[in-house]
Structure formats: C-alpha cells, structure tokens
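Chemist: Work out the full structure, taking the sequences as your base and the hints as a guide.
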Amino acid sequence: MKKISSLGYTSMALLAAFLLSSAMPGDQAITKEGKTVVVNTTTIAGDIKGYNGATPLKIYISNNKVEKIEALPNEETPKYFFKVKKAMLDKWNGLNVNKAVKQNVDGVTGCTYSSDAVKKTVARGLEYYKKHK
Numbered sequence: 001m002k003k004i005s006s007l008g009y010t011s012m013a014l015l016a017a018f019l020l021s022s023a024m025p026g027d028q029a030i031t032k033e034g035k036t037v038v039v040n041t042t043t044i045a046g047d048i049k050g051y052n053g054a055t056p057l058k059i060y061i062s063n064n065k066v067e068k069i070e071a072l073p074n075e076e077t078p079k080y081f082f083k084v085k086k087a088m089l090d091k092w093n094g095l096n097v098n099k100a101v102k103q104n105v106d107g108v109t110g111c112t113y114s115s116d117a118v119k120k121t122v123a124r125g126l127e128y129y130k131k132h133k
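Heads up, the sequence shown is in the working numbering, so the first residue is 1 and it goes up one at a time.
The hints are simulated quantities; they were obtained by calculation from the structure and are not laboratory data.
Any given hint might turn out to be false.
List time: in silico DSS-like cross-link candidates among lysine-lysine, alpha-carbon distance up to 27 Å [as the list claims (entries may be wrong)]: (1) Lys130 to Lys79; (2) Lys58 to Lys83; (3) Lys32 to Lys86; (4) Lys99 to Lys85; (5) Lys130 to Lys32; (6) Lys91 to Lys130; (7) Lys131 to Lys79; (8) Lys35 to Lys79; (9) Lys131 to Lys32; (10) Lys130 to Lys35; (11) Lys32 to Lys79.
Treat the numbers as computed from the prediction; the structure is a model and nothing was measured.
Modeler: As structure tokens, this is what we get:
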C-alpha cells in the first residue's frame, strides 16, 4: 500500500478548502436575520474613504424599506464620527430603498469627509441590495 506524503495531504486539504469556498456565496455582503436583509458594506464599499479610511456600515432592510443603519468599526476620529452617526444614520430609516438611494442627507459641519463617505457608502449598499436581493 502506498503512503501519501505530507505534500499529498496538503494538496488534498487545499483542494477541499477551494471546493468549499467556491460553494459559499462570494463576499458575504448580504445576509438574512429572520425576515430582515442585512447589507454589510465592508467588502463592497471599501474604496470609499472618509477622513482616515473606509466607513463600513450595516444596512438593515425589511419589506424593501430601510429599518436602520449601523456604523461598523472604522478608523475615523471617534468624536467626529460620533457626530456623523448621531446626525445622519437615522435619516434613511423607514424609506423605501428606491427613495433612500436618492435621499439627499445633509452632512455634518466639520465632518465633511466622513459625512460624504457615509452618504456614498449607504448609496452603494442600497444599490448592491437592489441588484442582489
């Protein structure tokens, strides 16, 4: 009986990992929590930068309406990003996705880069939802 070398085991393990990963959804940007669809913008909007980097969000959508938007960990200055979260994230709540994409939300004075990044990230997340729901 032939012995399988450690290289053989490594090759088989890599093949198994590849096959498993190809069977799973690609970027995990859309998940479900009960009847609510959650769009995680970490992978789909990583190129949109605030003052210090990306501003990833989770967008909760139920019955084609935005329920809430949550900020995920980011590199923005905490005291400024807190202002953005407080003033902006609930402005899309209750809106139909099509209206929410077009919603013109005012930014926060002194937090222009972060505000702009949040608006663009929300729009990207909602567009992604519309294409992949």
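Chemist: Give a verdict on every hint.
Modeler: Each hint, compared with the structure:
Using a Cα cut-off of 27 Å, the hinted pair Lys130 and Lys79 is violated, with the two alpha carbons roughly 33 Å apart. Only pairs whose Cα atoms come within 27 Å are accepted, and Lys58 paired with Lys83 is accepted, the gap being roughly 18 Å. Taking the CA atoms of Lys32 and Lys86, the gap is about 25 Å. The hint holds against a cut of 27 Å. Taking the CA atoms of Lys99 and Lys85, the gap is about 20 Å. The hint holds against a cut of 27 Å.
Taking the CA atoms of Lys130 and Lys32, the gap is near 15 Å; set against the 27 Å cutoff, the hint holds. Straight-line distance between C-alpha atoms of Lys91 and Lys130 comes to about 19 Å, which keeps the hinted pair within the 27 Å bound. At most 27 Å may separate the alpha-carbon atoms for a hinted pair to count; Lys131 and Lys79 exceed this at roughly 35 Å. Straight-line distance between C-alpha atoms of Lys35 and Lys79 comes to about 34 Å, which puts the hinted pair past the 27 Å bound.
As the CA atoms of Lys131 and Lys32 are separated by approximately 16 Å, the hinted pair is consistent with the 27 Å bound. In summary, the hint linking Lys130 to Lys35 is supported, as the alpha carbons are separated by about 16 Å, within the 27 Å threshold. Restraint check for Lys32 and Lys79: not satisfied, since their Cα atoms lie roughly 31 Å apart, outside the 27 Å limit.
The structure fails hints 1, 7, 8 and 11 (numbered hints given earlier, in ascending order).
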